[in-house]
Structures are given as structure tokens and as C-alpha cells.
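J.: This is what each chain is made of:
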Amino acid sequence: MTTYREAVRTAIQTLLREDPRVFLMGEDVGRYGGAYAVSKGFLEEFGEERIRDTPLCESTFVGAGIGAAIGGMRPIVEVMTVNFSLLALDQVVNNASLMRHMSGGQFEVPLLVRMATGGGKQIAAQHSHSLENWYAHIPGIKVLAPATVQDAHDMVLAGIEDPDPVFIFEHQMLYGMEGPLDTESTPPSPWKAAVRREGKDVSLIAYGGSLHKALGAADELEKEGIVAEVVDLRSLRPLDHETIVQSVSRTHRAVVIDEAWKTGSLASEISAILAEEAFYELDAPIERVCTLEVPIPYAKHLEDAAIPQVDRIVAAAKRSVGGA
Amino acid sequence: MTLDISRDHALELLRDMIRIRRLEEKSAELYSKQKIRGFLHLYIGEEAVGVGAMRALRMDDNIVATYREHGHALIRGVSAGEIMAEMYGKANGCSGGRGGSMHLFCAERRFYGGHAIVGGGFPIAAGLALADKMKGEALVTACFFGDGATDEGEFHETLNLTALWKLPVLFLCENNQYAMGTAFERHVSDRDIANNPPAYGIPSDSVNGMDVVAVERAVHNAAETVRETGAPRFLELRTYRFRAHSMYDAELYRDKEEVEEHKKEDPIATFQARAMSEGLITQDDVDAIEADAAQEIADAVEFAEQGEWEPIEDIARHTYARNLP
Ligand SMILES: Cc1ncc(C[n+]2csc(CCOP(=O)(O)OP(=O)(O)O)c2C)c(N)n1
Ligand SMILES: [Mg+2]
Chain A
48 MTTYREAVRT
58 AIQTLLREDP
68 RVFLMGEDVG
78 RYGGAYAVSK
88 GFLEEFGEER
98 IRDTPLCEST
108 FVGAGIGAAI
118 GGMRPIVEVM
128 TVNFSLLALD
138 QVVNNASLMR
148 HMSGGQFEVP
158 LLVRMATGGG
168 KQIAAQHSHS
178 LENWYAHIPG
188 IKVLAPATVQ
198 DAHDMVLAGI
208 EDPDPVFIFE
218 HQMLYGMEGP
228 LDTESTPPSP
238 WKAAVRREGK
248 DVSLIAYGGS
258 LHKALGAADE
268 LEKEGIVAEV
278 VDLRSLRPLD
288 HETIVQSVSR
298 THRAVVIDEA
308 WKTGSLASEI
318 SAILAEEAFY
328 ELDAPIERVC
338 TLEVPIPYAK
348 HLEDAAIPQV
358 DRIVAAAKRS
368 VGGA
Chain B
1034 MTLDISRDHA
1044 LELLRDMIRI
1054 RRLEEKSAEL
1064 YSKQKIRGFL
1074 HLYIGEEAVG
1084 VGAMRALRMD
1094 DNIVATYREH
1104 GHALIRGVSA
1114 GEIMAEMYGK
1124 ANGCSGGRGG
1134 SMHLFCAERR
1144 FYGGHAIVGG
1154 GFPIAAGLAL
1164 ADKMKGEALV
1174 TACFFGDGAT
1184 DEGEFHETLN
1194 LTALWKLPVL
1204 FLCENNQYAM
1214 GTAFERHVSD
1224 RDIANNPPAY
1234 GIPSDSVNGM
1244 DVVAVERAVH
1254 NAAETVRETG
1264 APRFLELRTY
1274 RFRAHSMYDA
1284 ELYRDKEEVE
1294 EHKKEDPIAT
1304 FQARAMSEGL
1314 ITQDDVDAIE
1324 ADAAQEIADA
1334 VEFAEQGEWE
1344 PIEDIARHTY
1354 ARNLP
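Residue numbers (my numbering), protein chains in the order written: chain A, 48 to 371; chain B, 1034 to 1358.
Be aware that one or more of the hints could be misleading.
Claimed, not checked - Each computed BS3-like pair below joins lysine-lysine, with the alpha-carbon atoms no more than 27 angstroms apart:
no., chain 1, residue 1, chain 2, residue 2
1, B, LYS1166, B, LYS1199
2, B, LYS1289, A, LYS87
3, A, LYS247, A, LYS365
4, B, LYS1068, A, LYS87
5, A, LYS87, B, LYS1199
6, A, LYS347, A, LYS309
To be verified - Okay, the calculated bits of chain A under chain B, using three or more residues with CB under 8 angstroms as the criterion:
no., segment
7, 107-118
8, 133-142
Claimed, not checked - From the structure, some residues in chain A lie toward chain B, with a derived Cβ separation under 7 angstroms:
no., residue
9, GLY80
10, ALA84
11, LYS87
12, GLY88
13, CYS104
14, HIS148
15, MET149
16, GLY151
17, GLY152
18, ALA171
19, ALA172
20, ASN180
21, HIS184
22, ASP211
These are computed hints drawn from the structure, not numbers from a lab.
Don't be surprised by glycine CBs; every beta carbon is placed ideally from N, CA and C.
Construct the entire structure; sequences and hints are all you get.
T.: Structure (C-alpha cells):
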């Protein structure tokens, strides 16, 4: 068994060993070893030239990653967390995503940006955002949300292989999670959703940190005779319509779980996709289980109440299947 | 002080400045005929900066420019036709009609845009220089920007980063005294902009940006130092914009007299007069340059007129390497 942290680390290490164009930069990735200890020991193995501790300037080091990618390198930029990535949003929205287009296809940005996301650690309002839907809104970049140890590894490799800018959101609660890691087999396409648990009564559609809550809810529901299917979105842009629509066409009920605020969330997007493409398959209104429309509180009981939990998913699923 | 350049050199400098001016004048005319739309920022008055700087740089150096970049692209070797076609939005433009006036790109000439978010080009320049450094290539990344851009955080972040990491960036501040309608002294706390970089350990200098020979020399020397040391340098090029900020600008913020005063330093007229008085060039030379420039611009307009519109079916091209499902 391997941890999620170790899986990300293994993938980056493999890339650094195999491809001289790959380098890692970000705040505290070197001497400190990474805010989430992903790059511990890298500085010793790869040196300061390839493991770059940056000053605190998100906009400029993300932008420098874009420039270096255009210049022929394969940068992996670690932004500590999504919360700080807001300072770099201009570089993402106005440069990374537009360069290929504005140059009429002359310049591409093979950049990988990784960052931690999500709440659940009682680190309060400014450090608990889930804003991956902001990124998923932008044509020109791709967005991945690994929920498993295997994906945490494979998506880093896929992100570097891809000729376009790829953003990986690693949920901060998952770094310590253990799971199997296979580094030998050919990984599945990162751009497709996966059915993590098959079922027939209701589809629980989730991604990232929420996937595990959805799986927990499926366990609970099973005790009451409800067999839930659990879909892991994996890629947030592009979104895999097919897998979602197929699942709901089997179960005829959908609960979408998303740690973002409900208004304008990916859960909203999934709901719209189902309304557009699976309307006649639905036997019940779509349910969304999202974060309450409040800043994430510090106090444990309030934070728990704000973000999606197993009990809320179970309740939504029961409403969907008609109080069964 | 004499110009201390050869006749051929004088002819080239004058020719390039005139080419820019005529291109810009034609652009303004075509804008009023609605052939060119959107934002259009003219470089008239600032030609000595673009010409002097571009000529001092090598073809394997990287260029990052702003939205006021027609002149830079032209002197870099992007044809007037491709520039004009881009402003028309035609598929034969240098960015395939995707960019327009503000987003001229040319991979072959290492012309990395055409950036219209003020300050947004700084980190890109740092990254290009970082890539060169890591690849062991002794190239210079020349980053052009206006005085307004020095207000932005990314300016200071990038000075810090390039100094800290010793990245070969040549910062070229085109100080035309205005950020849109806000005069220099109303948007910058320290009126000597060259005071900023030394705070980050970056040597800096100010140059008369109306003097093409001075610009060329200063940029050449600074670029060679960047090339040798691998470390950043900064030059302020003091110039003045004779025209409105963009075609939308009614110029309510400055007096006509102020503009007229600066026009006495017109980089083309002053250089032409000096070169003639020193016997380097004659009126016949000037006439020939003007005739060539007129022909070049006429051909460019024709090239743009003849260009095709990209089919709407291709709209998704260049969003990703491969279209998403
Ligand atoms: C981040 C950002 N803020 C505001 C604008 C609007 N704007 C466009 S040009 C400009 C002035 C820039 O002045 P300067 O950098 O001196 O360049 P100049 O136009 O004088 O060449 C402003 C405010 C912008 N494009 N980007
Ligand atoms: Mg200005």
C-alpha cells in the first residue's frame, strides 16, 4: 500500500529522473520539502537547478512556468494551495489558456500546475476553498482531480505528457490516504470518468475528496437496501458526459456531490448536462450536495456542517429514491 | 556630437523608423474605414525605441512585447503584410487572425507576443529566460513594457525573481509619459523609474528614447552584458506618444501644446535632419525611402485585402493541441 502523497511524489520523481526538461518549482518545494511533503528529499537528489524554491509571488512563478514551457521545458509548478492560486489567476486565464489560440497555434504551453484544494482540516475560511470549478470553466486548460492513489500518480504523468496546460487539484485530506499503486500497467485515460462502485438505484456523482464520502454513503445506503452506483469524474475539464449519462440511464436517479458552493458549481454543470442529455431517463429530481453558501468556519462542528458529509449524501439519495 | 555611424547604417535606421510610421498612419486610416476594428494602439513618436532596440538584439534572442507592438514586429522581420492581415483579422495574418492588433506572434522570429494585460508579459519573459538558462543557451530575453506596467506587482516580482535566479532578461521600459490618460508623475511615486531595479540589485540606466542611435547603442551594450553575465539589466527609454492612447481615446488629459512641444523632438525628423546636416544622407535618399515604404505598405494592404477569412467551422482550432470530445 502506498499513500496518495507518495504516489504523487513517485510520479514526479520518475519524471525528473527520465526527462531533463522536467523541473519542479514553487514555494517551499526544496529545502522545506513541500508544504504537503510531496517533494521531500528532491533537492538532495536533483539539485537547486531543478528543484526551485521560489519567492512568494504566485503570479510570477506560475507565469514563469508558462514562459519556460513555451521555451521548451516541462515545468511542474506547485502552488501550495488553491487559495493562493488566486494571485496567479491572471496568468492562468490570460496567458496559459490563451497562448495557443492568440498565436494562431504557434506557441503551446506544456505546463503542469499542481495544487492542494478543499477543506476539512479546520484551517478556516481563507485556507479551505474548493475553487476547481473556476478553473474548469476555462477553455484552453485541462483540469484533473485525482481521488485515488493510482490517479494521484498517473495524472501527474499524464499532465506532463499533455501538450496543453494541465491543472491538478489534490484534495488536502487525501495526502495520507493509502491505496494500491501499480506503476507497471498502462493507466486508463485520465480524461474519462470511472464507475468506482456499480449500483442500480441511484448514481452518486463525485470527484476528489468527495468521492470517498460518496463511497461511504453508498455503504450506508446498502444497509438499507439501496444499491448506489458511484461515479468518479476524475477529469473536470473535459467533463466526460458519456459515463455520467450512461450511469444515470441505468439508475434513473442522480445525486451530485461537490465541495464547492452550490451556486455556479460543477454540480450545477453536471445537473445541466443531465437535464440536457438524460432528461427522459430521470425518475426523480437531481439532488446536489454541496458546501453551504457560507465561508468555511474554523470550529469543527461548523466546518463539518458546511461541507458535504456522508449523512447529507445519504439523505439526498433517499429523497431521490423516494424515501425508501 | 556627431552621429558617428556609417551612411548605410543611417539609411537603415531612417528607413526602419519611416516604415513604422507609415504602417501606423495607414493603420489609423484603415481603422477609420473600419477595415481594422477593436483596439488599435499606435507607436507614432516612439519609433526610435523600437528600431534602436530591435536592431541591437540578435535574431536568436527572445522578444516579449505589449499591445503597442506593430513596430517591434515589423522591425523584427514580420512582414507588413502579415501584420496588416492580422489587424484585418484574416487567416494570412501572423497570428492567423486570432490575435488582432494587440496579439502579434511569430514563432520563427522568436516574437512571443503581443500582450495586452499590462504587466502580464513580465513572468513570461522570466520563464523564457529560465528555459534558456536551464538549456545552457546564452540568449537574451528582451521584455518591452510601458511606464504604466511598472506600477503592477508583477514588475516588482519579476525584478526580484530574475535578480535572485540570475535570469538573462533585458527589461526595456518604454516610458512615453502616460499610462492611458494618467501622466507618469501621477502614477509613479519615484519619478526616476531607473531607481527601481537597483533596489533588487539590477543595474539600470535611462536613455533618450527619441535618439535612435543612443537607443541602439544602449540596448546593444546592455544586451551584451546580459548575454555575458546571464543576469538581468534594465533600461528606461524616455519617449513620447504623439497620438492618442488608442483609437477610443479623446485625449482630454493633456494639452495640444504639450504634444506639439514634444513633436519638436520627433525621432524621425530630428534624425533625418542630423544625418543630412552631417552629409550622411541626401534628400534623394529620403525620397527613395519614402517611395519604398509607400510601396511596402500598399503591398501590405493588398496582402490583407486578398487574405481569406478563417472558416467558422475551424473555430475550435488552437484551443487545445487536439480538439476535446
Ligand atoms: C492589468 C491591466 N489593467 C488595465 C489595463 C487597461 N490599460 C490598457 S493600456 C493601459 C495603460 C498602460 O500604460 P503603459 O504601460 O505606460 O503603456 P503605453 O500604453 O503607454 O504604451 C491601461 C491602464 C490593462 N490592459 N491591463
Ligand atoms: Mg506609457
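J.: For each hint given before, does the structure comply? Return the numbers of the non-compliant ones in rising order.
T.: Hint check: 2, 4, 9, 10, 11, 12, 18, 19, 20, 21 fail, others pass.
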